[in-house]
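Enquirer: Here's the letter readout for the chains.
There are 2 protein chains.
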Amino acid sequence: MREVAVIGVGMTKFGKWLDKSLKDLGREAVWVAIDHAGIDPRDIQYAAVGNSMAGILLGQESIRGQTILRDAGFGGIPIVNVENACASGSTAFFSAWMAVACGLCDVALALGVEKLFCGNTALSIKALSTATDMDFEGRMGISFPGIYAMRLKRHMQKYGTTRHQMALVAVKNHHNGSLNPYAQYRNEVTVEEVLNSRMIADPVTLLMTSPMGDGAAAAILCAKEVAGRYTTKPIYVAATVLNSAPITDPTDPKAPNITKVTAMKAYETAGIGPEDIEVAEVHDAMAPAEILNIEHLQFCPEGEGGPFVEAGNTAINGSKPVNTSGGLAARGHPVAATGLAQICEVVWQLRGEAGARQVDPVPQVGIIQNGGGSIGGETASMGVHILKR
Amino acid sequence: MREVAVIGVGMTKFGKWLDKSLKDLGREAVWVAIDHAGIDPRDIQYAAVGNSMAGILLGQESIRGQTILRDAGFGGIPIVNVENACASGSTAFFSAWMAVACGLCDVALALGVEKLFCGNTALSIKALSTATDMDFEGRMGISFPGIYAMRLKRHMQKYGTTRHQMALVAVKNHHNGSLNPYAQYRNEVTVEEVLNSRMIADPVTLLMTSPMGDGAAAAILCAKEVAGRYTTKPIYVAATVLNSAPITDPTDPKAPNITKVTAMKAYETAGIGPEDIEVAEVHDAMAPAEILNIEHLQFCPEGEGGPFVEAGNTAINGSKPVNTSGGLAARGHPVAATGLAQICEVVWQLRGEAGARQVDPVPQVGIIQNGGGSIGGETASMGVHILKR
Numbered sequence: 001m002r003e004v005a006v007i008g009v010g011m012t013k014f015g016k017w018l019d020k021s022l023k024d025l026g027r028e029a030v031w032v033a034i035d036h037a038g039i040d041p042r043d044i045q046y047a048a049v050g051n052s053m054a055g056i057l058l059g060q061e062s063i064r065g066q067t068i069l070r071d072a073g074f075g076g077i078p079i080v081n082v083e084n085a086c087a088s089g090s091t092a093f094f095s096a097w098m099a100v101a102c103g104l105c106d107v108a109l110a111l112g113v114e115k116l117f118c119g120n121t122a123l124s125i126k127a128l129s130t131a132t133d134m135d136f137e138g139r140m141g142i143s144f145p146g147i148y149a150m151r152l153k154r155h156m157q158k159y160g161t162t163r164h165q166m167a168l169v170a171v172k173n174h175h176n177g178s179l180n181p182y183a184q185y186r187n188e189v190t191v192e193e194v195l196n197s198r199m200i201a202d203p204v205t206l207l208m209t210s211p212m213g214d215g216a217a218a219a220i221l222c223a224k225e226v227a228g229r230y231t232t233k234p235i236y237v238a239a240t241v242l243n244s245a246p247i248t249d250p251t252d253p254k255a256p257n258i259t260k261v262t263a264m265k266a267y268e269t270a271g272i273g274p275e276d277i278e279v280a281e282v283h284d285a286m287a288p289a290e291i292l293n294i295e296h297l298q299f300c301p302e303g304e305g306g307p308f309v310e311a312g313n314t315a316i317n318g319s320k321p322v323n324t325s326g327g328l329a330a331r332g333h334p335v336a337a338t339g340l341a342q343i344c345e346v347v348w349q350l351r352g353e354a355g356a357r358q359v360d361p362v363p364q365v366g367i368i369q370n371g372g373g374s375i376g377g378e379t380a381s382m383g384v385h386i387l388k389r
Numbered sequence: 001m002r003e004v005a006v007i008g009v010g011m012t013k014f015g016k017w018l019d020k021s022l023k024d025l026g027r028e029a030v031w032v033a034i035d036h037a038g039i040d041p042r043d044i045q046y047a048a049v050g051n052s053m054a055g056i057l058l059g060q061e062s063i064r065g066q067t068i069l070r071d072a073g074f075g076g077i078p079i080v081n082v083e084n085a086c087a088s089g090s091t092a093f094f095s096a097w098m099a100v101a102c103g104l105c106d107v108a109l110a111l112g113v114e115k116l117f118c119g120n121t122a123l124s125i126k127a128l129s130t131a132t133d134m135d136f137e138g139r140m141g142i143s144f145p146g147i148y149a150m151r152l153k154r155h156m157q158k159y160g161t162t163r164h165q166m167a168l169v170a171v172k173n174h175h176n177g178s179l180n181p182y183a184q185y186r187n188e189v190t191v192e193e194v195l196n197s198r199m200i201a202d203p204v205t206l207l208m209t210s211p212m213g214d215g216a217a218a219a220i221l222c223a224k225e226v227a228g229r230y231t232t233k234p235i236y237v238a239a240t241v242l243n244s245a246p247i248t249d250p251t252d253p254k255a256p257n258i259t260k261v262t263a264m265k266a267y268e269t270a271g272i273g274p275e276d277i278e279v280a281e282v283h284d285a286m287a288p289a290e291i292l293n294i295e296h297l298q299f300c301p302e303g304e305g306g307p308f309v310e311a312g313n314t315a316i317n318g319s320k321p322v323n324t325s326g327g328l329a330a331r332g333h334p335v336a337a338t339g340l341a342q343i344c345e346v347v348w349q350l351r352g353e354a355g356a357r358q359v360d361p362v363p364q365v366g367i368i369q370n371g372g373g374s375i376g377g378e379t380a381s382m383g384v385h386i387l388k389r
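Chains A and B, in that order, are what the protein sequence lines are. Heads up: the first sequence begins at 1 in the numbering used here, then just goes up one per residue. Heads up: the second sequence begins at 1 in the numbering used here, then just goes up one per residue.
These aren't lab readings, by the way, just hints derived from the structure by calculation. Errors might be hidden in some of the hints.
Same chains, same names: a pair is fine if it fits in one copy or spans any two.
What the hints assert, rightly or not - Mimicking DSS-like on lysine-lysine, the simulated pairs with C-alpha atoms at most 27 Å apart in a straight line are:
1. K16 x K153
2. K265 x K224
3. K20 x K126
4. K260 x K233
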């Protein structure tokens, strides 16, 4: 298996892009990434494209990647359309990594693109619910704020995690988003505003949720052995692990957690431990989920995520900066674009290109955690990636 | 890159399965393939699942593979949902091949599953049209019989290909289907019946088209170095090439044809020429397209496909047996299942397990050609695979 480097990344600003099509968004992210990598676009010999909702929302199924990439000027290469709900971006990254790792090509493109604003909010919400098993969770009417709320309620009961600690995550991530020109929300919020905003699914309030959004993000991967041809700042893929929900009894309190299992495999593959991680992007589709995820990533012992956040460890200048981009809650969460936007942020951080939100000193190692969908009480798909300079 | 073998295949009978769900169909194909491979199912450490239409037709987007495979008993492994319209099955095969070739795992599963009968035929037809670029072809109202009709008309004008020759393909493939217990249509048809059946898009008549259908097909792939652990009859992947439409001017008569370009790359990769092919499954979504495809695969010179068929070369006992399964026109064409059903047929032929339609002597080398979607006047996605004993 060949070693793989990320040599360029790019994304659109996430937001409500009523005047941009799926193609417009995808084309922009691809070409920004190509510029960042400084490559001849003809060197790209494989593309994986993640999109989750265009079939239901825009009536474009099947060959979504071909339509977007042809519009961007690409054809005559293998194009694989991949999907794994909110982890579709991670899945595209994983697929492009495989193509380079197995020697199929030297340079590959991973693109995630999503357009949730389709002129029909009810349809968008319905489409988002199709990221569950539609024979069970989906048709019962449960939606993701409800799923997260149940997980958070259990955490509160078991470990005493407080609403104040949960609000602090939203406050920190909105602060980070205010420093990120690509973020959908650039405004700061206070603990009081977060706690007093409309209750969505107790304990999740409106300002803890991630917004509906449009956007795209892309990464250019290449074989380590040729990375020097393109860049002086390659970022190496130390591990990229994709997983799906284990088959467990969801009522079993000792059932393995998919984030933890996947992260442990990534650490083992990379030969890097949680203590070595200097920047992290985690999947906070509801901001307080960050507390659960940092525990699963072993940044702190189980149950201590709340106090860990409260002590400021996860701030940009803390011991373990988390979601410097603003995370899903502030940078935004156009489903299939998210995983690659997380990759973008960690690559920028490791290259010292993160501007006002740069971790100082420039970190050596970063981790990305990106979950998608729900099945049988567990996240359906999980990607964990460790990148290093 | 490691060499890869197919150690087991399985499929459902294709047909109108009003009483079977997507999960029922997928589960059946997976377990039949596992039985055929004789493996412990826990050895499967990667799965690629192709499905094209469940988002629009059944309301299940995003995590289709997880829902199907969990129902079949699988979790805790990487599951990648892939899509490339009618080439989704090939794409799943290609993705599973990459996972084994790159050393991620020793044993991988490729599954293609489709349910076109959703209780609303108009919706099914609309969904099928989303395998085009919906900003162009799709919204203009063109559908696949029309696209194929234009290609065939051009072939008739340029080379004198006759309606009789085109009907002979349908007759041969229905004959082959009558010998295949997995085929949707088991009835023989005559040239007169084909030519006198209802005109769909001149020159394509009803009995030349592939039917609406439900079904699933699966393959188990493993590293060549461990194949001996599982089977005495490994079938090796000599080449698996995935491609997308080149960017060309569709009015340019000298524009490269995607089937030809992809096949030439597969021959080159395999170190095998068209003269070595002893059995072929080609994408006859409209039966006469077989004439075009065998030319692109270099079985005969360009323009001579009609006479080549007329001389009986493509019959089971001919010099170049094509679509021994009955092809898409008779075995059926549940979109994402087709590519893997083609793999099933060639694997059975190379193992001498094709029953009444077995090519004699048992062939050494077979080829699969599987195209999907349409974009800019060309097939959007193309998979060509060469398998050998």
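Enquirer: For each hint, tell me whether it holds in the structure or not.
Expert: Verification of the hints:
1. K16 x K153: neither (31 Å within a copy, 46 Å between copies)
2. K265 x K224: both (22 Å within a copy, 25 Å between copies)
3. K20 x K126: Classified as both: same-chain Cα gap 22 Å, cross-chain 24 Å, threshold 27 Å.
4. K260 x K233: Answer is neither; intra-copy 30 Å and inter-copy 40 Å both fail.
Hints 1 and 4 from the list above are not met by this structure, while the remaining hints are.
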